[in-house]
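Visitor: Take the sequences, apply the hints, and build the full model.
Each chain is listed here by its residues.
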Amino acid sequence: MPSRLKASLMRIAQAIPVVVGVVIISFLLTRALPGDPAVYFAGASADEASIAEVRESLGLDKPLIQQFFLYTGDLLQGNLGNSLSSGQPVLTDLAKRLPASLELTLTALILSCAIAIPLGVLAATRPGSMIDHICRVLVTAGVSLPTFFTGIVLIYVFYYLLGWAPSPLGRLDFIYISPDQVTGFYLIEAALAGDFEPWLGAVKQLILPATTLALFTLAPLARMTRAAMLTALGSDFIRTARAAGLSDGKILYGYAFRNAILPVITTLGMVFSFSLGANVLVEKVFAWPGIGSYAVEALVVSDYAAVQGFVLAMALLFVALNLVIDLAYTLIDPRIGFDAR
Amino acid sequence: MLTIKDLAVSFQARRGQVDAVKGITFDLGKGETLGIVGESGSGKSVTSYALMRILDAGGKIKAGDVTYSGVDLRNATESEMKDIRGSEISMIFQNPRAALNPIRKVGHQIEDVLRRHAKATNQNARQKAIEALKAVKIRDPEQRYEAYPFELSGGMCQRIVIAIALACDPRLLIADEPTTGLDITTQKSVMDLVSDLIRDRGMSAILITHDLGLAAQYCDRIIVMKDGKIVEAGDPLSLFHNPQHPYTRKLVDATPREGETIRSLLPEDMRVPLLPHKIEDEPLLQVINLTKTYQGKTGPVHAVKGISFDVKKGQSVGLVGESGCGKSTTSEMLVRLLDPTKGEILFNGESISDIPAQKFGKSALRRDIQMVFQDATDSLNPRHTARQTIADPLQRLGGLSGVALGARIEELATLVGLPHSLLDRFPHQLSGGQKARVGIARAVALEPKFLILDEPTAALDVSIQAIVLNLLADLRAKLGISYLFVSHDLHVVRLLCDHVIVMRGGQIVEQGPADDVMTNPKDPYTKELLSAAPKPPLRRVVTQP
Numbered sequence: 005m006p007s008r009l010k011a012s013l014m015r016i017a018q019a020i021p022v023v024v025g026v027v028i029i030s031f032l033l034t035r036a037l038p039g040d041p042a043v044y045f046a047g048a049s050a051d052e053a054s055i056a057e058v059r060e061s062l063g064l065d066k067p068l069i070q071q072f073f074l075y076t077g078d079l080l081q082g083n084l085g086n087s088l089s090s091g092q093p094v095l096t097d098l099a100k101r102l103p104a105s106l107e108l109t110l111t112a113l114i115l116s117c118a119i120a121i122p123l124g125v126l127a128a129t130r131p132g133s134m135i136d137h138i139c140r141v142l143v144t145a146g147v148s149l150p151t152f153f154t155g156i157v158l159i160y161v162f163y164y165l166l167g168w169a170p171s172p173l174g175r176l177d178f179i180y181i182s183p184d185q186v187t188g189f190y191l192i193e194a195a196l197a198g199d200f201e202p203w204l205g206a207v208k209q210l211i212l213p214a215t216t217l218a219l220f221t222l223a224p225l226a227r228m229t230r231a232a233m234l235t236a237l238g239s240d241f242i243r244t245a246r247a248a249g250l251s252d253g254k255i256l257y258g259y260a261f262r263n264a265i266l267p268v269i270t271t272l273g274m275v276f277s278f279s280l281g282a283n284v285l286v287e288k289v290f291a292w293p294g295i296g297s298y299a300v301e302a303l304v305v306s307d308y309a310a311v312q313g314f315v316l317a318m319a320l321l322f323v324a325l326n327l328v329i330d331l332a333y334t335l336i337d338p339r340i341g342f343d344a345r
Numbered sequence: 239m240l241t242i243k244d245l246a247v248s249f250q251a252r253r254g255q256v257d258a259v260k261g262i263t264f265d266l267g268k269g270e271t272l273g274i275v276g277e278s279g280s281g282k283s284v285t286s287y288a289l290m291r292i293l294d295a296g297g298k299i300k301a302g303d304v305t306y307s308g309v310d311l312r313n314a315t316e317s318e319m320k321d322i323r324g325s326e327i328s329m330i331f332q333n334p335r336a337a338l339n340p341i342r343k344v345g346h347q348i349e350d351v352l353r354r355h356a357k358a359t360n361q362n363a364r365q366k367a368i369e370a371l372k373a374v375k376i377r378d379p380e381q382r383y384e385a386y387p388f389e390l391s392g393g394m395c396q397r398i399v400i401a402i403a404l405a406c407d408p409r410l411l412i413a414d415e416p417t418t419g420l421d422i423t424t425q426k427s428v429m430d431l432v433s434d435l436i437r438d439r440g441m442s443a444i445l446i447t448h449d450l451g452l453a454a455q456y457c458d459r460i461i462v463m464k465d466g467k468i469v470e471a472g473d474p475l476s477l478f479h480n481p482q483h484p485y486t487r488k489l490v491d492a493t494p495r496e497g498e499t500i501r502s503l504l505p506e507d508m509r510v511p512l513l514p515h516k517i518e519d520e521p522l523l524q525v526i527n528l529t530k531t532y533q534g535k536t537g538p539v540h541a542v543k544g545i546s547f548d549v550k551k552g553q554s555v556g557l558v559g560e561s562g563c564g565k566s567t568t569s570e571m572l573v574r575l576l577d578p579t580k581g582e583i584l585f586n587g588e589s590i591s592d593i594p595a596q597k598f599g600k601s602a603l604r605r606d607i608q609m610v611f612q613d614a615t616d617s618l619n620p621r622h623t624a625r626q627t628i629a630d631p632l633q634r635l636g637g638l639s640g641v642a643l644g645a646r647i648e649e650l651a652t653l654v655g656l657p658h659s660l661l662d663r664f665p666h667q668l669s670g671g672q673k674a675r676v677g678i679a680r681a682v683a684l685e686p687k688f689l690i691l692d693e694p695t696a697a698l699d700v701s702i703q704a705i706v707l708n709l710l711a712d713l714r715a716k717l718g719i720s721y722l723f724v725s726h727d728l729h730v731v732r733l734l735c736d737h738v739i740v741m742r743g744g745q746i747v748e749q750g751p752a753d754d755v756m757t758n759p760k761d762p763y764t765k766e767l768l769s770a771a772p773k774p775p776l777r778r779v780v781t782q783p
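So the protein sequences, as listed, match chains U and A.
With the numbering used here as the guide, the letters of the first sequence map in order to residues 5 to 345.
With the numbering used here as the guide, the letters of the second sequence map in order to residues 239 to 783.
None of these hints come from the bench; they were simulated from the model.
Keep in mind that this is a model prediction, so the values were computed, not measured.
No residue lacks a Cβ here, since even glycine has one placed at the ideal position from N, Cα and C.
Watch out, some of these pointers could steer you wrong.
Claimed, not checked - Here are a few chain A residues that face chain U, going by a calculated C-beta distance under 7 Å:
hint : residue
1    : K320
2    : A336
3    : L338
4    : V351
5    : R354
6    : Y386
7    : F388
Guide: In structure tokens, the structure reads:
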């Protein structure tokens with residue numbers, strides 16, 4: 005146990021230089037973007053002098069190194085600068101929009117795990133059966149259908165033709181009042197407030213975009229679960245367990261599944277990052293006020309503070325995510341702590 | 239107690255049905271230990287999986303009866319079988335580390351079996367599991383209970399597997415190659431433990447092995463299998479002294495034991511006289527105070543602690559020791575794939591330890607020092623034909639091409655006894671023995687002066703081992719190569735080598751002429767190694783009237 009604890013602490017310590025690197029790269033990347041924010045910010049009718057004035061007020065006339073230290077100094081105080089287009093502090097914008105994206109992504113992931121993992125397990129235990137074929141069809145479909153397409157098809161069928169889903173415009177129908185901003189997750193907020201109606205409204209809005217994303221993330225998860233289960237079920241220790249007369253449930257879940265879950269967790273991490281990327285399109289299709297559409301808009305108008313904030317937030321999210329996955333590994337696999345240097 | 243009648247097992251393969259077991263009949267009495275001996279592909283393991291009904295997917299019992307204490311195992315329901323497995327009939331496997339769940343504490347794995355067969359409750363499971371660990375003579379069972387398989391040695395893992403198998407006091411134990419991959423001293427302690435437990439508990443047992451010598455030592459009766467059929471059955475002594483079937487005779491001959499020569503391993507009609515090899519007084523290779531220290535996580539690891547020895551021109555030297563003794567590190571340093579920490583290697587009086595391992599490939603001496611690797615399959619590129627494999631050193635270091643290259647490859651194939659028609663096959667289309675020949679042809683292609691043989695026969699069946707050893711003996715006489723034969727098997731080393739070096743813990747504990755070391759070992763460790771080797775009955779000297 006101490007070696008595992010040490011490995012975990014080491015892993016957390018390793019995240020620190022990554023974060024520093026992320027800050028440097030996101031700063032440099034946004035400076036490398038084409039377009040002059042000062043020109044944009046000064047407005048269409050600005051002359052040379054007012055552009056220079058704006059540039060000075062933004063600190064863009066200073067050398068790069070100095071700008072970087074000003075930026076990190078602000079960063080340490082939690083100041084990410086102001087968005088040029090919305091006029092709001094970037095931090096406020098992000099705090100409003102990040103939960104929307106996370107709510108969508110997490111719901112989609114939970115949904116796809118809930119389907120993909122049992123499906124993969126069933127397919128692996130009955131290779132060549134009906135369920136195996138269903139799994140294969142679903143996996144192929146999930147890989148080959150782009151999210152904006154599935155999203156539009158789902159809207160067409162469930163909103164336009166059947167009328168089951170509400171209009172795909174944002175997180176909550178305007179007839180409800182948005183729940184209080186504490187966590188930013190509408191489902192949690194509404195549930196905490198005990199308001200059933202807005203909660204149901206939020207679920208209704210969420211279900212189509214979440215399904216779209218889930219279909220996309222389901223494929224790699226189901227495929228990996230199936231492959232990992234097949235490998236685990238074919239290994240020597242399963243034969244030992246069978247020869248000892250252990251029950252099917254124990255063999256399948258206690259022995260095979262626990263070993264198979266490790267590569268599935270790795271895939272889950274990758275899928276999470278894919279789906280944050282795929283989010284941009286889904287958010288556009290469903291008019292979801294998430295971080296993806298925010299970033300795209302910011303990028304188009306050279307809103308460098310917003311882009312910088314977005315890149316930083318995403319990178320931190322990825323670092324945190326990888327950290328969580330590695331820590332989950334350490335918990336499940338006792339061999340990790342031993343191998344860690 | 240167990241009766242098997244006309245058992246046939248087949249597997250559904252992509253190209254149709256494959257019959258693995260083709261109608262075998264035998265029975266096993268109470269308290270009897272039966273050995274099933276055969277080479278790879280003989281169907282010996284499949285037989286045991288069939289009677290446990292744990293055949294892999296696609297395998298099924300095609301015909302025959304299996305009766306255990308009056309229960310028809312072939313027609314029993316799956317839930318009846320589950321009650322029998324582990325509590326009435328248990329099994330232990332080869333490769334014990336893989337046979338244990340890697341991410342579950344070994345104590346919990348024992349508890350799983352105990353709980354399954356209602357031999358323990360939640361309150362006393364831990365205590366009973368510790369008792370099971372004690373029964374297999376594991377020291378500090380309370381601490382070992384908490385261990386994961388990767389924290390234990392191979393021998394220790396096998397004891398855990400045995401503890402799982404015997405936790406519920408079964409009446410029949412099936413041991414499927416239980417000591418393959420274990421060191422010889424570990425093999426002896428595991429086998430002694432198993433046979434003691436079998437005797438103390440009055441169990442019946444089936445020992446499945448490729449090693450006729452091991453079976454002879456521990457079994458009351460032996461069945462010899464080949465290609466899914468039983469070719470011969472009998473008690474060990476009569477099987478060794480008077481084998482009836484030609485295959486049994488071949489196996490008996492190929493089993494290395496005391497008083498044999500390398501030629502007597504072969505079937506009688508192949509025993510042509512051995513050509514003598516000339517040993518000169520001059521040393522070819524001198525190893526002086528060779529040391530290798532690795533930087534480990536918990537401090538330096540001393541793999542090789544300053545060893546010195548000479549290999550004379552034309553001499554074959556055996557390097558013997560168990561896993562972790564430093565013999566592989568030594569051979570890697572000698573073949574210049576690894577840089578020594580300290581010490582010197584002189585080749586023909588010239589220091590080769592000064593040339594860094596990374597640059598040795600460009601040295602003119604590269605072609606003089608070659609190696610035959612342990613695993614004949616893994617050491618061949620799966621996407622290269624035998625011809626390409628043998629051509630590789632000839633092109634890179636020999637500068638041959640075109641017709642000359644083709645002629646040399648065929649010459650080499652003839653030399654190692656590989657039919658020319660096989661040259662264009664890929665490794666997966668060749669048998670184990672043929673792959674070994676390709677590996678040897680590649681190593682001798684440039685007529686090296688010094689050849690390191692790293693357990694070249696460890697993965698081969700005994701009859702193939704006999705042929706490969708004889709091939710090596712012929713080659714050294716024809717080409718005048720010096721060998722360093724690295725092995726854990728003293729009997730094999732004695733057959734091929736003039737001089738033996740015994741290593742333990744990175745040091746040489748004993749060295750001397752092979753016969754001296756084998757017949758009159760001085761170091762206690764050498765004695766232990768020699769006594770741990772299975773002792774098959776000796777060949778009976780037939781006096782001609």
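Visitor: Against this structure, judge whether each hint is valid.
Guide: Results for each hint:
Taking 7 Å as the C-beta cut-off, the interface hint given for K320(A) holds, the closest approach to chain U being about 5 Å. Taking 7 Å as the C-beta cut-off, the interface hint given for A336(A) holds, the closest approach to chain U being about 4 Å. Nearest Cβ of chain U to the Cβ of L338(A): about 6 Å, under the 7 Å cut. The hint holds. This hint holds: V351(A) has a C-beta 5 Å from the nearest C-beta of chain U, less than the 7 Å allowed.
Here the hint on R354(A) is kept, as its CB sits about 5 Å from the closest CB of chain U, short of 7 Å. Nearest Cβ of chain U to the Cβ of Y386(A): about 5 Å, under the 7 Å cut. The hint holds. Because the closest C-beta pair between F388(A) and chain U is about 5 Å apart, less than 7 Å, the hint holds.
The structure fails none of the hints (numbered hints given earlier).
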